[in-house]
Structure formats: C-alpha cells, structure tokens
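2 protein chains.
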Amino acid sequence: MANAIPKRSENYSEWYNELVYKAGLAENSDVRGCMVIRPYGYAIWERMQRILDDKFKETGHVNAYFPLFIPKSFLSKEAEHVEGFAKECAVVTHYRLKTNPEGKGLIVDPDAKLEEELVIRPTSETIIWNTYRNWIQSYRDLPLLINQWANVVRWELRTRMFLRTAEFLWQEGHTAHASAEEAVAETHQMLDVYADFAQNVLAIPVIKGIKTPNERFAGANDTYCIEAMMQDGKALQAGTSHFLGQNFAKAFEVKFANKNNQLEYVWATSWGVSTRLIGALIMAHSDDDGLKLPPVLAPIQVVLVPIYKTEDEKNAVINELKILNSQLIKAGIRTKLDDDDTKRSGWKFAEWEMKGVPIRLAMGPRDLANAHIEVVRRDTKTKDSISINDQFSEIIQNLLVEIQENIFHQAKLLRETRSYKVDTFETFKNILEGDNPGFIYAHWDGTTETELKIKEETGATIRCIPLDNPKEDGVCVYSGKPSTQRVVFAKAY
Amino acid sequence: MANAIPKRSENYSEWYNELVYKAGLAENSDVRGCMVIRPYGYAIWERMQRILDDKFKETGHVNAYFPLFIPKSFLSKEAEHVEGFAKECAVVTHYRLKTNPEGKGLIVDPDAKLEEELVIRPTSETIIWNTYRNWIQSYRDLPLLINQWANVVRWELRTRMFLRTAEFLWQEGHTAHASAEEAVAETHQMLDVYADFAQNVLAIPVIKGIKTPNERFAGANDTYCIEAMMQDGKALQAGTSHFLGQNFAKAFEVKFANKNNQLEYVWATSWGVSTRLIGALIMAHSDDDGLKLPPVLAPIQVVLVPIYKTEDEKNAVINELKILNSQLIKAGIRTKLDDDDTKRSGWKFAEWEMKGVPIRLAMGPRDLANAHIEVVRRDTKTKDSISINDQFSEIIQNLLVEIQENIFHQAKLLRETRSYKVDTFETFKNILEGDNPGFIYAHWDGTTETELKIKEETGATIRCIPLDNPKEDGVCVYSGKPSTQRVVFAKAY
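Chains as they are written, first to last, in the numbering used here: chain A, 1 to 493; chain B, 1 to 493.
Next comes chain A alone, as it looks inside the complex (with noise of 0.2 Å):
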C-alpha cells in the first residue's frame, strides 16, 4: 500500500494512476472504462455530496429521481442534443437472458426484444423534460428547482479514472423558469456555487467564464464553466450551467400560462458537477508522496500515531492520545487514531501521507515526558513539536485553516506562474510545448473556423471567454483579424 509511486516529472500519466490506486481512491474495474470508486476515495465524494447539497437546498432546490432509462425516441426530439450525445449511449436492446439452447452459458434471449430501445442516461433533460410536461401549467408552478444525484454513462473510448470513465456519479439540476433572465440568473447562481465550492473546499482557484459556441453543451443557448489549472499546466472543467433557452421546453411541448393567461414556452437551465472533482483535486494538489488533500474537505482531518517499543510505552502513549482526540472529536475535527499494532510507524506516516490527510500529530515516550506532541504538515511536510495545553485543540484547528489557505496559494500561484498573455503564434506554440505550458490568454477572431485550426495545429482549445473579462482592442493571435478581447486557451484533461 504505502510503497512509492513514479515521480510527476518522470511520468506524469503514470504518477496519477498509481496514486488513484494506491492513495485507495479507485481502480479499474472488469467492465470496460467502468471504475471500482474504493472507500477512501467515495468517502470523498460523500464529504463533496454532503456539501454540495446543502449549499443546493440553502438556494431553494429539491432532490428528486428521475429513471435511469431514456426511451430512444426521447433523444431524438432535441436536434442538437441528439448530436451531442447519440454516439456515445449505451443501449439496452432485451430484457432477459437465457440458458444457452446449443451448449453452455446465458444467451440473449431473441423473444425479450423491448419494441423501443432504451438508452442508460448520458444526461437526464431529454425524461425530465417529458416529466415536466405534466408538472407545469401555470406560471405558479414556476420556478421548479430540482436536482438529481444519480449514475450516468457516456461510453468514451479513452477513459481515465475520474477524469473520463464511462459510467460516472454526478449531480445535475434541472430548473424551470417563467423567463429567460430569472434562467439566466439561475445559471450565474450556480456556477457562483460551484466557483466558491472549487475556491473554498477544494483550494482549487477558477475562472469563471463562458463557452465559445463550438465547446458549448449539446442544446444550450450558452454553457458557462469553471476551468481550473493543473500542475501539469492542461485545463479541467470542475463544472458546467447551461442555459438551456426554450430548447427543451419546445422539444417536449412544456408550456405554462402567464399572469396574463397566455401560453408560453418555459425557460431551462441544467448544471453539473461529478466524480471527476476527484481527478481535478489530485492533479491540483498532489506531489511525489501522494494526494494532497485541503482539510475543508478531508475525510480525516487529523491522523494520530502512536510510537513506541514495550506494551507499558504503548499504553501510555495511546491513552493519551486518546485524551488528545476526543479533545479533537470535541472540537469538531474529523480524527484517526491509527493505533494498529500490526503497522510499523514508518509505514503508517506514508500511508497518511499516501492519503493526503493535512495533518498527522505523532507522539513517543519521551514526548509524552516532555508533555509535547509532534506535528507534521501535508502541505509543506514542516515538522514541529508543540507543548499540550488548553490551547491544543485551538492550534490544530488554526493550523487546519492556515493548511487550506495555503494549499489554495500554491494552487493559485502555480496558476498565476503559468499564464501567459500571447499575441503571436509562434510564441502561443512555444509555450504549449515548452517546460512550462499553462493557460494562454490570446486575442481570438471569434469564428470556430479559427477556433477549429487552432486546435488542430496545437492540441489547445478556448477553455472560456472570462465572465470579467478586459475589452482590449487586438488582432486575432492565428488569423490577424480584430478583436476585442483576449480568450484563454489551453489544453485541456
């Protein structure tokens, strides 16, 4: 478990599978580009859940559930969405197995063919949508504020854990509005969710902005993101809002009547966030030791280690830190007290460290005769022996706020190192292949023919135009036309 994995500058791609696996976050599993999530790793997403659920209910939303299977002819009613997503849907054709007439084995059963083939949801507006036909007549129905945590499957052809795997968890909302800006309100409010969710639990600084056509969702009138930077310099999108326009609402015939009892079109948006998180917190914070994770969103805040050699030292020592967590525990800190007895020390510092927890607190004879406590920081591995006081509790819990604080710094540091204001191409091409690629902030002549070539001849694409972005007079980085505001770009997981 707690042996070394490769290093980030030898093989990054390698670095991050190992320390999924070995950090107990997932594996993969027998089914193709389908992952094991272990549990360490969705006791994560439980913290996420948690969090990001009370922050929907505190904005007015509901969780419901919605079917896992959507009627083939459901996809097709949304022209572009259907586009988007056709390609990659897992079908379900028959409704039974049976015993191999002709030797061994289960068989399709031919007579258990369903008359209309249901797709697993790759997104649930197309039956949410159909649902809400019936949920909304009048304008006093509105706004439905609904979300739904629930599996999905796209079936990608490149998976990578939590990054791109084809069966993932995620939550979407799907909103309902009597008018396009109480929609697009509704948008900006959860993205600003989001945002502060990425900043302040996960430590992982964002831009908000908005997509360029071409990047859009399939049947969005426009999809706004949050784009985080790697330590590898690519670009993640931690979340998406769309405003969905009447698109929906026209597809399945969802009307309501005004206050003037007149029928009109509803107005949408969705919004998503998924286990892919847990990749974004990896690549953002992680080194050579392991996973790197901000104490807002730990599982385990704080691991306690016993170290000693006879059974009275290990009494001794124990007991107090058993003192010493409850203390914790009582001050609202979510502990470990790892005192197996068929673990070695060392091994259980790797392992913690493996793991991510920010602070492990160590304790031997000789510091419990000194009435000190050691204790080593995840983020910067400073080690220090502090005196236990009444004040015990109080400094953990101040170390765990300047912990998140710091690890946000790093994160946003490394982000501010790595972007780069560009205006030739060939500079926009250095940087990509150079030691330190990032994100790059380029006027753009606003055509996806440009955006298009770009990416062919770069690998990059526009991430987002800023929310706040500058009007900045320029020419465009690859076609030499005007423009009025720079974009950035970047590759992207």
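Quick caveat, the hints were computed from the structure, so don't treat them as lab data.
Quick caveat: nothing in here was measured; it's all calculated off a predicted structure.
Built from N, CA and C at the ideal position, the CB exists for glycine as well.
Heads up, a few of these hints could be off.
[As the list claims (entries may be wrong)] Derived contacts from chain A toward chain B, CB cut-off under 7 Å, selection only:
1. SER29
2. ARG38
3. ASN63
4. ALA64
5. PRO67
6. PHE69
7. ALA86
8. LYS87
9. ARG96
10. TRP155
11. GLU167
12. TRP170
Dock chain B against chain A, hints included.
Only chain B this time, still in chain A's reference frame:
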C-alpha cells in the same frame, strides 16, 4: 393536489396509487415499470438514507461504489444466483446509436455491438466478489465491511410504485469474513439494525425470521428477513440479510491465508433495504385522508398555518408564527411555515394531511389575542388549543414522541388483532378469504412440496420462521405430518 382519494374500503389498490401521487411521493414515468420519485417522496428516502447510513457507519461499515454493468459471464458463475436473476435482466448489447440511413430518427448502430453483453445490476454480488478477489489476501484484510447506495434493475412484469418497479433505489451491504461464525453474526447484526429501524423510525412492528429454502435469496445459504403487516392484512418483506456461505468466494476464487498461512475460501454476507420501504410506510399507517408519517422519519414534523382575513391580521399572525417557528427550529424540530398567500387555509389543511405531517399548528387573530394556538395531531385527528408559554417547544417535542409511539402502537395492535393460531386447513382458508385476513401461525411439515401446494391453493406463502419461535409439537396444517414449530403464513406484496 389536495382533492380526495378513493377510500381504502372501496378500492385499496386505487387508494394506494392515488395517495402516492397526491401526497407528492412518486408517479409512473413513460418508461415501462419505472417511476419518477417526486421531491417529497425523495425527501423521505433521504431521511431513511441518512439514518441508516449513520447506523451502518456506527457498526463499522464504509461506503464504496461498484459498476452499474455486470458482464454476462459473471452472472453465470454462481449457479443458483443466475437461476434467480437471468430472467429479469436489462441487457446492454450496443454502445452507439446512429441516424437511420433509410429514414428519420435513430437506430442502433449494428457496428457498435458489444463483444460481451452487459447486464444492468439486479444486485451486485458478482461484480463485487470479482473485485474482492484482489482486495483479500490475508486474514488481516478481513473483515471487509462495505455498503453501496445504488440503483438496480429487475425487469418485473407487474409493477407498482415503490413496491415493485423495474428500477429501484437501495443499499446493498457486502461483507467478507474469515469464519462462518463471524459472517452469521454479521447477518444477525444487520437484521437487528433493520428491525430497529423499522420499529423505531418507521414505527412498523416486524417479525425477525428466517426464510424457508424455497424463499431464499438466489445464492444464499440462509436468508433472514423482517416481515411487516400492512393494513389489509398482507405481509411485506421489509428487509433481508443473507448468509452467503462460501458460494461467491468459490464462484470468484476469493481465498485468504489464515493465521496458519493456509488458504481458505472467504465467508460472505449481503443485506439490503430499498425504496420499497416507502410503500411499507404508506400501507402500514395511512388513512383515507392520506399519509401518516412517524415523526422520527417525517421531513416536516410540524406545519404552521396562519388564518386571517385582513392584511393586518395576516401580518400579526404571521409575525407570531415566525417567532414560534424559530423556537421550534431551535429545539431541533423540522418545520414548515406555510405562508403561501395563494392558497386558502382549508386547502392547506387537506394538503398537509395528505402529506402526513404529524402536527399541524394553526393560528387566527382570536388565538393570537388569547395567546393560544390550535394543535391538530395527524395520527388521531384530535384538536387542542394550547396556550403559548415557555414550555411551547417542549410540549410540541413531547407530542411528537407521543405520536411516534401511538403510530407504532396502532400498527402493532392491528397485527395482534390479525394474527391467528390455526390448526386446520379449513380455518386457514377461511381466514385468508374472510374480512380480516392476516398472519397465520400454523404447523408445517418442513417440505417445499407442501409449501408450494399451500401457495397454489390459497395464495399464501411462508413469510418466515420467526427467530424466537417456541418449539411445539403438532401436525402440519396441510399434510398432517408431524411438525415441531409453527411458521408464519400470509399473502404478501
């Protein structure tokens, strides 16, 4: 919303369906056999999840997540398991749709056929034990105590919301142990967790028992269950806990080195409850006016309704209710102040009755003047006027406890009234066909043959052999052969 539903005495089945819809719990979707769980129904499920999840963690379990898809060949590995589930599986055969070249719409792309078909999990023993093979090497890796919250699919032909749907939500615990004794103890522990939950949270008395071989889970050595009585005298299996022996370990080659370094097959349990519990809840406690929620479970425990005519009255009453509401929230009570101006108070009363909120508080100008408030209990419909004083929150809190006890008491009373010791097959049939069918305690000769004949002739099945069953000599109610104990027969959902 708040209009009437059919009476139980007139049409029990329609009463159930209408209640499910009008209380805002669920509705049938356009996907055959699948329901939409509406926000209020989902809020009840979330309460169940939170309470059970806390209990699972208290007893040492952690959550994880395994793939939705099960390769067809995995199902075949455990002979009885495949027998039990192959006939009701949703099967994924393709991974892409394409535009119909000969017309409009989409077709399954024949070039995107899977090499091996994937089944949507009907339960996860196979995919989980295939994973456990890599997780378990030594006795030090045991016990492995894992739970999963997930959706599962069983292609049932006759479906009914919550009770039997093609897709449903559940939790499934899957544990691995070094000895049969430890696995059996786990099975019992989880059965106790379920029984406590049913009785103390859902206020449904249950019989803890063991299933006959004929009614066992496919692949289990023993299936333990909790059986509840519904208001129509039918039984509902509310939870199961299976001792799986070494069956799945053998099917998936999962061995561990014991303390003597000898390889042994691992012992297994699995246990689960599902959204079916919401069906149980409805049929155990509701009446012709709607749901009756036990306070411990209720998402809203107290609803506060203002009564007024003039704007001044409205402001005064709502102000006072806001104060009382804060007091209740401070006391940890889940409340809803229904100050919706577009609905009349009579409509609100009926609506909250339908939704089963345990206590309704109503206040009009006269109540306000007298410092009184009207208190109506959902369980007994009794109406009281209490004076508003320092003990207000405490009175409401005590009343919630009383309602919880009374709802349980009523359900228990029903079960006692409808439980019969029966010694002749004539009486057996008469009771089942009479006005008050229920649980029949009768002697049985222990053979599957007799069990099936009784089922064929009466529709009743053996629900369980109670765990605390007294031994008693007798003769089988059907065959006349000797028997040492009575078992519980009933018609069942």
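Hints, verified against the model:
no., hint, verdict
1, SER29, "5 Å, holds"
2, ARG38, "6 Å, holds"
3, ASN63, "5 Å, holds"
4, ALA64, "5 Å, holds"
5, PRO67, "4 Å, holds"
6, PHE69, "5 Å, holds"
7, ALA86, "4 Å, holds"
8, LYS87, "6 Å, holds"
9, ARG96, "6 Å, holds"
10, TRP155, "4 Å, holds"
11, GLU167, "5 Å, holds"
12, TRP170, "12 Å, violated"
The structure fails hint 12 only (numbered hints given earlier).
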